[in-house]
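Peer 1: As a plain string of letters, each chain reads:
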Amino acid sequence: MSKDDMDNKLEWKKEYSIVIFLNAIYILVFYLIMILNN
Amino acid sequence: MALLDWIILGSTLLFIVAYGVWKTRGNNNVDDYVRGGDNVKWWTIGLSVMATQASAITFLSTPGQAFHDGMGFVQFYFGLPLAMIVICLVFIPIYKKLKVFTAYEMLEGRFDLKTRTLTALLFLVQRGLAAGITIFAPSIILSAVLGWDLKTLNIIIGLLVIIYTVSGGTKAVSMTQKQQMFIIMLGMFFAFFFIMGALPTDVSFGKALKIAGANSKLEILDFSLDTNNRYTFWSGITGGFFLALAYFGTDQSQVQRYLSGRSVRESQLALIFNGIFKIPMQFFILLVGTMVFVFYQYNSSPLNFNPAATEAVMQSEYANDYKALETDHKELEKEKRMAQHSFSAALELKEYNAIEQAKQNIVKINELESANRETAKSLISKADESVETNDKDYVFIHFILNNLPVGLIGLLLAVILSAAMSSTASELNALGTITALDLYKRNVKKEHGQEHYLKATKAFTLLWGIIAIIIANVASLFDNLIQLVNIIGSIFYGNVLGIFLLAFFFRFVKGNAVFIAAIITQIIVIVGYNLDWMSYLWLNAFGCVLVIVLASIIQIFDNFLGNSSPVGE
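Residue numbers (the working numbering), protein chains in the order written: chain X, 2 to 39; chain F, 546 to 1114.
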């Protein structure tokens, strides 16, 4: 195996942004559930 | 159990086994067997990844966790989506580019054979023990509550998994896990809607949440920096990220799932699927547990949910003390029911002073009830030290067996056994593959045809299946075997993750430096654990950082002395 085989151009895809966005929304929803019911 | 439950349970499990064998008949080369022919679709892989992680204990223990401690456990998964993104960005493209069969194969190309063999051995020790426990953990609970023979149950679960895993390999594991996830989610949804239907008519879902909130079960997020709290937002984001990166990125039982994708994109989409749905799934399982808690606000519950614990104390000199506690418990339950009704009525009328007063009353009763449960636990421990007093694993199964209708009980038991089978299948699949390809093929025999290695992989998968059943059958001889497996995981995982991160990100570090650093790290981590330097949960991060630092220092020192060896020696 050469050094080139380990080369990997990090390519950001829109799906990764969706993962972050949705999980941020989940946490916000959890926060709302928590404060609205305590 | 009623005949209908047996029919549902038996037919579900037999269908899954038969489906796995039938769909993968005719696998005749190592690529088909180990990587599923590289043509598994992303949603199948995504479900397979989720099913591998979700063992039977997830469905037995998580609702019990919510019942006792609330829903804060969901924070443990907050680092997982970030880990999925890192694996999609870095790990998958390289694994796919190198067309590896196992995660450790990449390490031979990047470092050397001895580093590959070392990490493969670390995996086998850890995952081999875990496979036995994946079978044992649900068996011990089901045998306690249903009176089934523990050893027979271990053998049945093990044999069912062996049949389709040995016969169909990775594709059979992925195909059956799709069915298993369907059964699991169907069963959990049915359970949830049954609980909602079983609550008093004036208790809507919104009101049930209010009741859970009044009882401190909805403290989902904890932003404190208190290290004594195991589950906080920060420990979930950091510790959870490390753990998920190590588990999904370097554990062959997971890597093998997404290596079966037909392209880099399919494999990435599978992990994105996991990154999107994992937290809602865990939240939903915890929500089921919270609703079980609300259900028991209006229905009678035992003082301790583990029947073996209750039996032990009732046959001891502490039986009368325990009966007195049970009487107190019943009185408290009556008071609690009245308090919940007052709270519910106050909510209806929106009388805020009455709501606050009812809330305080509920908190007071719950404190008394918790104190009662703790006293019961100490009595049980005095009666028999070997009995498990922590009953969180028994809460949900107690609810299932005593409250669900005929038919649904069989379905929920199928959920639990399906979860046990799906995790065990991935583990055996990975153990057989690693033993055949990383150890046998590379270190013992060389120059054989495809058919030989296919047979070897099947034989090693069968062997690991038998070993897992044996471990499950002797597990009860050891007091804290489950904890031991978690500790062994933490001791090895960090080191292995560190080796992979060195491979990806520290190009100047070479094979000899990594191998020496990994050996030293492993010794230091084991010594550190024995001398109690830190909680074993932090050994992951410690081992990971240590191996990276040591390997870098050794490499710099080696370069300075002019003894560097070429990459990929």
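Check the hints yourself; a few may be wrong.
Listed next, with one range per pair, are the computed distances between beta-carbon atoms [claimed, not checked]: (1) F/Arg882 <-> X/Leu11: 53 to 61 Å; (2) X/Leu11 <-> F/Ala890: 55 to 63 Å; (3) F/Asn947 <-> X/Leu29: 34 to 42 Å; (4) X/Leu29 <-> F/Asn844: 30 to 38 Å; (5) X/Trp13 <-> F/Glu893: 48 to 56 Å; (6) X/Leu29 <-> F/Gly952: 34 to 42 Å; (7) F/Glu930 <-> X/Asp8: 53 to 61 Å.
If you're looking for bench data, these hints aren't it; they were derived computationally from the structure.
Note that CB positions come from ideal geometry on N, CA and C, so glycine has one too.
Peer 1: So, for every hint listed, does it hold in this structure?
Peer 2: Okay, the hints, checked on the actual structure:
1. Our hint of 53 to 61 Å for F/Arg882 and X/Leu11 holds, since their Cβ atoms are close to 58 Å apart.
2. Distance hint check: the CB atoms of X/Leu11 and F/Ala890 are about 58 Å apart, consistent with the given range 55 to 63 Å.
3. Checked against the given bound of 34 to 42 Å, the beta carbons of F/Asn947 and X/Leu29, roughly 37 Å apart, stay inside it.
4. Between X/Leu29 and F/Asn844 the beta carbon distance is about 34 Å. The supplied range of 30 to 38 Å therefore holds.
5. In this structure, X/Trp13 and F/Glu893 meet the distance hint of 48 to 56 Å, their C-beta atoms being roughly 51 Å apart.
6. The hinted window of 34 to 42 Å between X/Leu29 and F/Gly952 holds, with their beta carbons roughly 39 Å apart.
7. A hinted range of 53 to 61 Å holds for the C-beta pair F/Glu930 and X/Asp8, which are about 58 Å apart.
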